[in-house]
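Line by line, the protein sequences are chains A and B.
Heads up: the first sequence runs through residues 1 to 113, numbered per our numbering.
Heads up: the second sequence runs through residues 1 to 409, numbered per our numbering.
Don't read these hints as lab results, they were simulated from the structure.
The C-beta atom is built at its ideal place from N, Cα and C for all residues, glycine as well.
Here are the in silico distance ranges between beta carbons for each label pair:
| # | chain 1 | residue 1 | chain 2 | residue 2 | range |
| --- | --- | --- | --- | --- | --- |
| 1 | B | Asp101 | A | Met113 | 50 to 58 Å |
| 2 | A | Gln24 | B | Thr150 | 47 to 55 Å |
| 3 | B | Glu314 | A | Asn41 | 18 to 26 Å |
| 4 | B | Gln264 | A | Ala13 | 50 to 58 Å |
| 5 | A | Ser100 | B | Pro310 | 19 to 27 Å |
| 6 | A | Met1 | B | Thr46 | 56 to 64 Å |
| 7 | B | Asp262 | A | Ala25 | 27 to 35 Å |
| 8 | B | Ala351 | A | Pro12 | 30 to 38 Å |
| 9 | B | Ala122 | A | Ala13 | 54 to 62 Å |
| 10 | A | Asn48 | B | Ala351 | 21 to 29 Å |
| 11 | B | Ile259 | A | Pro12 | 49 to 57 Å |
No farther apart than 27 Å at their CA atoms in a straight line, the calculated lysine-lysine pairs in the DSS-like style are these:
| # | chain 1 | residue 1 | chain 2 | residue 2 |
| --- | --- | --- | --- | --- |
| 12 | B | Lys403 | B | Lys379 |
| 13 | A | Lys2 | B | Lys292 |
| 14 | B | Lys286 | A | Lys28 |
| 15 | A | Lys28 | B | Lys312 |
| 16 | A | Lys82 | B | Lys292 |
| 17 | B | Lys306 | B | Lys346 |
| 18 | B | Lys322 | A | Lys28 |
| 19 | B | Lys152 | B | Lys165 |
| 20 | A | Lys94 | B | Lys346 |
| 21 | B | Lys157 | B | Lys172 |
| 22 | A | Lys2 | B | Lys322 |
| 23 | B | Lys403 | B | Lys355 |
| 24 | A | Lys94 | B | Lys355 |
| 25 | B | Lys355 | A | Lys2 |
| 26 | A | Lys82 | B | Lys322 |
| 27 | B | Lys355 | A | Lys28 |
| 28 | A | Lys28 | B | Lys342 |
| 29 | A | Lys94 | B | Lys342 |
| 30 | B | Lys306 | A | Lys28 |
| 31 | B | Lys306 | B | Lys292 |
| 32 | B | Lys355 | A | Lys82 |
| 33 | B | Lys346 | A | Lys28 |
| 34 | B | Lys179 | B | Lys292 |
| 35 | B | Lys312 | B | Lys292 |
| 36 | A | Lys28 | A | Lys82 |
| 37 | B | Lys292 | A | Lys28 |
Residues on chain A that point at chain B, a partial pick, calculated with CB under 8 Å:
| # | residue |
| --- | --- |
| 38 | Ile34 |
| 39 | Gly36 |
| 40 | Ala38 |
Take a look at the letters that make up each chain.
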Amino acid sequence: MKEFLFIYRTDPAMIPQGSPEEMQAMTKRWMDWIGGIAGQNKLSAPGNRLEGAGKVLKPKNVITDGPYTELKEIVSGYSIVKAATLEEACDMAKGCPGLSVGGSVEVRPVNPM
Amino acid sequence: MEQQQLIPHLFRTEYRKITSVLCKLFGITHIQAAEDIASDTFLAATEIWGLKGLPESPVAWLYTVAKNKAKNHLKHDTLFRDKIAKHLLQSTEATEELNIDLSEQNIADSQLQMIFAICHPAISEEAQIALALRILCGFGIDEIADAFLTSKETINKRLVRAKEKLREAEVKIVFPQDKVRERLATVLTTLYLLFNEGYYSASNQLTLRKDLCSEAMRLTHLLTENPGTDLPEVSALLSLMSFQASRFEARTTDTGSIILYDEQDEQLWNRELIAQGKYFLERSAKGDTLSKYHIEAGIAQCHTVKADTPQKWEHILQLYNKLLIIEYSPIAALNRTYALAKANGKYEAIAEAEKLDLRESHLYHALLGELYSCIDNAKAIEHYADAISITKTEGEKELLRMKMDALRF
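Using the sequences and the hints given, assemble the complete structure.
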């Protein structure tokens, strides 16, 4: 089994601004999906969600602020899963709830140091 | 209490106390000597009480005889005299009178320290449970063999090996001051397994199984009573055990067959234990640790309300999601899938179940049998048949056959 990093990306414009019920429904879908991966014993780390605001450091001490409303997609979270192959990891990513609201999942094999 | 019942009763309550105090005094190397002295004491009680009748205070009698036997042992066993007695006598002001302290306080302290010595990472979990049953709970070898569905010989071997390991690892009988939480994790795992052994065991000896559960609860309770070990996860584990144990009477027939949750008579659920479970769950809600015991206690609490509502199952599903994220176990994965069926529907649950790599488990096929029922009965029957061929216990086979036959009409 190898480890793969799921990087969740979301279009900031698509981040649900809905009612508490809608937010709760979305949380449930995420928990059910991650719980499903954990139930297959393929979750290495549940990871976390990321807040929209932040800073970016560039050479020569250039610091820019978030949120990055000008970007089409921002990283909104990450998890680490276990799979035999990249294809299998991609299959697992297919159920990600973020996909249904215009987001994407980047699947990257972890190369242990 | 009549003498015939009194001795086994005292054996259960006092053997472990005498053994713990002596073992604490002699050191883990001499655990066998401590056990022998305690056993001899009860042998003497059986003989003498049989001839002369009961003494006025049986417990005090046992303690006095145990003390004398320990002193004699110290005098006559050369190895013991040279290696241990010297050390002990020096530390107790070099008098002939060795201080064997069977006060309530020292008994409680010794037992707590023995829990840590026995639930030691140096020995396997299986051996820890067997040793715990023998030394901490005063179970007979035959009872332990019955609980594990194995022979007395196997248990004896297991105990001997475990004691050797404890000696080799030079385990100290002390309170692990600086790494309580770390060592407590092993202790809790063992107590949890001990409880489960009683709760889920295939053994049809109901009284024995109940004893296992109540002993696991007694030891966990002991940990909550000492400020050094009274951590939130200990309360959480005791809460879990209490909720589970509340259904003990309702979940089997008089002959030991399993009664499924849906068919249980709620009137038989033990209200006191449910209240105790709630009390310890509240008590566990402090600090910032969310252990698997907290989550499992939460799930067990949901099951103390019988109403089959979508809210209940949604709550259970989310708890299982969290539990699996903390720690995977096949049984949690299967239970989660069942909760998923109840909360999100059978089709989603079937798709998820097919992804589980648990085809060797009869519970996996029993679950799929349940999920496919009324959706694809042919498939359901196939899975039930697989489950029946895998499971070893007669009670479960019977239950699965009933479910399978119900689909044929």
